[in-house]
Structure formats: structure tokens, C-alpha cells
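Between the sequences and the hints, there should be enough to build the whole structure, so can you do that?
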Amino acid sequence: MKKRLLALLMAMTLGAGCLTGCGRKPAADGNQASGGDTAAGGEVVINYPTFQIGVNTAAPVVAQLVQEFNEQYKGKYKIVIEEIPGDANYLEKMKVMISGGELPPVVYGGGYKVLDLALAKDLVVDLTDYVNQDADWKANYNEQALAVNSRDGKIYASSSELQLVGYFYNKELYAKAGIDKPAETWDEFFADCDKLLAAGITPLSMDTGDGAWCTQLLMGAMIATSGEEGLKFMETSQPTDYNLKAVTDAAAKIQQAFAKYTTKDAVGGVYENAANNFFSENTAMICNGPWMIGDFSDTTKTDEGFADKIGCAVYPGPFVYYAPLEGFFVTKQDDPKLVEASVEMVKFFTSTHAQQLALETQGMLPASPQVEVTDQAKQKFPLLADFLVMANEVETRSNDFTSNMFPNVTDVISQQMPALATGDITPEQFAQALTDAAAKNQ
Amino acid sequence: MKKQLTAKEGVLITLKYLFMLLCVLVALFPIVWVIMSSFKTNKEILSNGLALPTQFNFNGYRDALQISPILQFFSNSVVITVISTFINVLALAMAGYVFARCRFRLKNALFLLLSASMVIPTTSLLHPVYLVINKIGLTDTKTALILVYAALSMPLSLMIMRSTFQAIPPSLEEAAYVDGAGFCRTFFQIMLPCAKGGLASAGVLAFLNGWNEFTFALVLTSSTSVRTLPLALGYFTSSFSFNYTAMFAAITIAVIPSILVFAIFQEQIVNSLIAGSVKG
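Sequence order for the protein chains is A and B. For the record, in the first sequence the residue sitting at position 55 is 55 according to the numbering used here, with numbers rising by one throughout. For the record, in the second sequence the residue sitting at position 215 is 215 according to the numbering used here, with numbers rising by one throughout.
Treat the hints as calculated values from the structure; they're not laboratory data. Please read these numbers as outputs of a predicted model, since none were measured by experiment. Note that beta-carbon positions come from the ideal geometry of N, C-alpha and C, so glycine has one too. Mixed in with the good hints, there may be bad ones.
Within a straight-line C-alpha distance of at most 25 Å, the following computed BS3-like cross-link-like pairs (lysine-lysine) qualify [claimed, not checked]:
| # | chain 1 | residue 1 | chain 2 | residue 2 |
| --- | --- | --- | --- | --- |
| 1 | A | Lys176 | B | Lys43 |
| 2 | B | Lys43 | A | Lys264 |
| 3 | A | Lys332 | B | Lys107 |
| 4 | A | Lys337 | A | Lys347 |
| 5 | A | Lys337 | B | Lys135 |
| 6 | B | Lys43 | A | Lys95 |
| 7 | B | Lys135 | A | Lys121 |
| 8 | B | Lys43 | A | Lys309 |
| 9 | A | Lys337 | A | Lys121 |
| 10 | A | Lys171 | B | Lys43 |
According to the in silico footprint, chain A covers these stretches of chain B (three or more CB under 8 Å from chain A) [claimed, not checked]:
| # | segment |
| --- | --- |
| 11 | 36-47 |
| 12 | 128-134 |
| 13 | 236-242 |
Written out as C-alpha cells, the structure is:
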């Protein structure tokens, strides 16, 4: 009997030991689900979840900023990174945390519309007074940055990155088709597509999956340059009515482009397929932003010398996408010291220094009008420098088609775009599907 | 003396072997494809997914180890999955035995209720489980994942263990009781060794569920010292950037243990899955 009791006791101790060993580590290690902590020495620890790790183009910039912040505020504040691999996973986790009413102290909104979800749960700290009291910080907000980061006249977020998007083309393939420069009107653009086809070259890289990024850029540019109605629509945040002539006309042209001007894998394909077709010189054009420039010289994706063949252009019209990305925001926490630390972090991450670093390291365009594109950046990213010259001359600008949408409408794009591409639905039905999805938010 | 096969029998045997060969090819193709892809460049993977690699090097494996803390995640996965499997199998073996042998009110209703939890989608459990784990202070701990994984495999393990114990003749227990063994001793020393097949089957399925689980690992953990292997795969793809070579290398590293576990215990799994199915 004693022997059995002893065995049972030992088994229970072993089980408890296993679970204890697998338990939470001390808070100073930074291993927390959210929030932060005041460590023994009074240092406030900010747990910062980010997807900008691994192969993400912004990973080196974030790593350096964290290192600099921790050195500058040593003994006072400390950022501990929580790595969330993959943007979709990041968004999933933020949504679960928002629904649980608990977010990490600092959240990067990016292009993921997290700010509105957090605001709906009253989790976001109003930054208006902090920004107004700091002249340098306030100077980083231009009209567009204020619009993106404010709701009802209150500033809730701070941007660090500008989304400035045109398209890239292969100069060698253009020359083969007898095209000497990018098109200035949409008629010229489609005439160039026909010339490329006649030369045996597929003109466009397109996609339908994951929000149809490349395709929606092309479509949005057509809408914005179709006239006053189209431009007004593209400047509208969270539009509710897509049954406009500008939208259906653009959808009809996109349908035609899928039928005639793109690769077979475009229907059902995602960005990676579209990009690979451009890298492999299967297509002559791709709509995308400057963050793609680094890939042109990556020999695991393209052949040696590919970067020299690439030119950049603004859309016919002329038109260019120009919008600061929704930035960092601070969330409400029980500890006021943690909120103060988080505000300092957001200020640091969106400072002119941080934006300059991102520009010179990765070619990310700054949201602040105070940051100049230095010669160093121009030398490192000559294609970006060329594009900036062109983009600065363009007066017609807006945010992109899907960034303005309600989050659920973006999902509908992925569902309806393949049907539009294959002709299973008409452009009018496509517009109606988007309108119906938008109506669910009212 | 061997019987000479007729032409018809020969054709049937040939067709049988062709069918088996086809099954083997279908089963092996994804594994071989992933391993082959881990030696190809991104361009080769996206341009012609079925072609052979133009050169064999281990750059993808080197990148996989550099980009993500895959070895740390691997060891976390081993610890979490082994402990959760042990807890799952032990607890559900006891429950399965009670359901198979004891008579009590609402037994069938209770069994149906527990089994029905199998049809609840995992995503719908995410939010309540997150709230509970957060409330009891287990967020970002291995314990949280161990408890969740042990619970997630509960319905399947319960069904397997109940049918296993039902297939064992009650005369064994009766003999044990006649010899003076108590309920616990009968269970641990007589019945459990007889249910080895079922235990292995439930264990392997619980292990595979835990080893491959992604969503709870993502939401309930935040630090490298706790996270599991499936999360490592997210390090290789992001918006507008990707490294498929490294991703396939990481998948190869990740799936090998699952394949080994299944290969070693495949006989027990198959045997105990069909155990009880012919019980009259």
C-alpha cells in the first residue's frame, strides 16, 4: 500500500514539475502575451508584436530601430519584439486580441485597417495632445497623413511610410515590340498592349487572389482617370456605392485584359505568380510599388542583369497612387507609465530619423514632408529616384482601390475577380457584388 | 506445387499491383515534391513546379535555419506535443474504460455530448479559449498549449479507447477481481496492457494533431521560447516578399518527425482503428 502511495505521489510530482517547467517565465524576459511590465530597475518593457521579421522587406529597419530605441532609453524603456511570422497571421492575432479587449501597447496599422477595429472597441489612445505639444512630431503630418490617421478630428495614429505606386515595365521587351516610351493615355496603353501581343509578348502581370493586388492597382488607376466622378470615388474613404459608370467601365477593361493581355495563371493566381511572370520576362508590365525594386537584383528570383532592363512609369492620365500608410497607434493600458513609454516609441518609430533610415536602407518612401530623398538613397535606388521625379509632376493622385474599402469588401474582390476574369459575371454584377458587401457595414 | 494462374487471374493481379502502385505514387508525390522543391530556386519553383532542380545544394536549408528559429521551435514542439499526448492518452484511456465497462445514468448521452465536440470548428473555439487562458494567466506558456492540445484530441481518443476496451473480453477483468485486484489495479495492470493498440493509435493521432496545430499556437503564444514548429513556416512568406526554397526546406524539416512516427506505429494505428468494428 505504502509503495503504491509513494508511486502515486512521485507521479503527481513529476506531472506538476512538467507543467511548472512549461510555465510562464519572469516578466522581465519580456515573454508576455500583450502589454508590458515595469522591470525591477524601473525600466518599462514594451512588448511589440510585429510581422516585419524574416523575409519581410522592412525587417532590417525595424530591428535597427528597436536597437537604437533600447540604447537611447536604456534603463527607462525597453522594446521586446514579439515575432509574428506572416502579415495574415499578424492580422488574425490582432483581431482575436481586439475581440478580447486587450491589445499590445503599440500596434502597427500598416495597410490592414486595424485602427478602425480597435477604435470600435475603444482601445486606442488619443494622440492629439501629444502631437500638438511636439512641433517636430506635428510637422511630420501633412494633409494626407492627418486624414489617414485621424477620426472625428482626433489624431489616433502616426505614419512612417508613404505608398507611392505606379508600374514597372521591361525596356527590352518594349523595344522588341517597337514601343519607345510608356503610354500617356489609356488608348495608347492598350495600343501598346496590342503591339506587345503582336511581338509574341504577354503584356501584363495580373492576379485575382489575396485581394488581387496588381489587378486592383490597374483598375483603380482607370477609375481615377475616367473623370470627375471616378476621381471623387477614389478619394472617398469606405465608399458604399460601386454602381458607377467609372467602376463598371474599368471592370469591363479589366475583364478584357484578363481575356487578352495576361498569362493563363492570372486567374486564381496571387501576387507571387504575377511577380514571377514579370521576373521571368514572361510579361512586360506589372503594377506595384517601389518595395519591389530590391527583388529586381535578387538572383534567386530573376536572372543576372534583370534590374538594368526595368523602367518605371506613372499611370496614363497621368495618375499615381499617393497615400501615407495608416501608422502606429498606442492602446489603452492600466499602467500610465506604459502608455507614456508607448507614445515615446511611436514618436521614435515615426521620427524623421526613422523615416530617413527606412528610405536609405530599404527604399521605403517617407510619409513626412520633412524627410528629403538624399543623394545616398538616389544612388542606392536609382529606379526609385527616377520614379520620384515622375511622380512629383503628377497632380492627379489618390489612395488605391482596395485601401479605401471596408475590410469585408476586400474579401469580396478576391471572390468576384476570378468570376469577372472568366466572364461568369458582368462588370455590372461585379459592381453590384461590391455594393452589396459594402452595405453590410451600414 | 503452385497453381498455374489463368490469363484472367494474371490480368487481375497486374491491375491490382498497378492500382497499389498508383496509391503509393499519390501518397509519396507531395512528400517528394516538397523535398525536390527545397533544392530549387524561387524562379524554378514558380515557373515550373514539376521540373527537377537544376542543381542540388543546401542553401534553402541554410536560409531556413538563418531566417527562423526553427530548431528552437522544433524542440518546443517535441516537448509540448509529447506531454500533451501523454496527458490525452492517459486521461482518455481512463474515460474510455469507464464508458466501455461501467453502467450509469445518462452514459450514452454524455458520450454523445463528448463525441459531438468533434464537430465544433476549431476557429470557433479560438476566442473563448483565448479568453480563458488569458484569465488564468497561462498566456505565452507551454502549459497553455499542452492543455489545449490534450483537450482538442479528446473526442477522437475517447472513441478509440472506448471501442478498444469494448473489444477486450470482460472475463479478463472478472478473473482479476476473483484474484483480489481492485478497480485501479485491474485497469492499470490488466486492461491497459491489453489496450496497447488503441493507446498507440490514440497517441499517434493526438501527436499528429498537436504537432501540426497552428492557430492556437499563434494566438496563445508570443515568445520564441514557447512557440511551435508550424509557426516557423510563416517566416518565409510575407506581402510582396517570399523565399519558397527556404520554406520548402523548413517544411521538410517539419514533416520528417510526423512521417517517422506514423511509419513506426502504422501497424498499431491501422489495427486499433478497426478494432471493435466487427464486434457482434
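Checked hints:
At most 25 Å may separate the alpha-carbon atoms for a hinted pair to count; Lys176/A and Lys43/B meet this at roughly 23 Å. Distance restraint check for Lys43/B and Lys264/A: the Cα-Cα separation of roughly 17 Å lies within the 25 Å cut-off, and the hinted pair is therefore satisfied. For the given pair, Lys332/A sits about 49 Å from Lys107/B by alpha-carbon distance, which is inconsistent with the 25 Å threshold. In summary, the hint linking Lys337/A to Lys347/A is supported, as the alpha carbons are separated by about 15 Å, within the 25 Å threshold.
Under the criterion of a C-alpha separation no larger than 25 Å, the hint pairing Lys337/A with Lys135/B is consistent with the structure, at around 23 Å. Of the pairs offered as hints, the one joining Lys43/B and Lys95/A is violated, with about 34 Å between alpha carbons and a cut-off of 25 Å exceeded. Restraint check for Lys135/B and Lys121/A: satisfied, since their Cα atoms lie roughly 19 Å apart, inside the 25 Å limit. For the hint linking Lys43/B to Lys309/A, the alpha-carbon distance of about 18 Å falls within 25 Å, and the restraint holds.
Annotation: proposed proximity of Lys337/A to Lys121/A holds, straight-line Cα distance about 22 Å (limit 25 Å). About 21 Å separates the Cα atoms of Lys171/A and Lys43/B, which keeps this hinted pair within 25 Å; it holds. Residues of the segment 36-47 of chain B lying with their CB closer than 8 Å to a CB of chain A number 5, which satisfies the three-residue condition for coverage. Coverage of a stretch by a chain is defined here by at least three residues with a beta carbon nearer than 8 Å to that chain's beta carbons; for the segment 128-134 of chain B and chain A the count is 3, and the condition holds.
Counting residues of the segment 236-242 of chain B whose CB falls under 8 Å from any CB of chain A gives 7; the rule of at least 3 is met.
Against the hints set out earlier in the document, violations occur for numbers 3 and 6.
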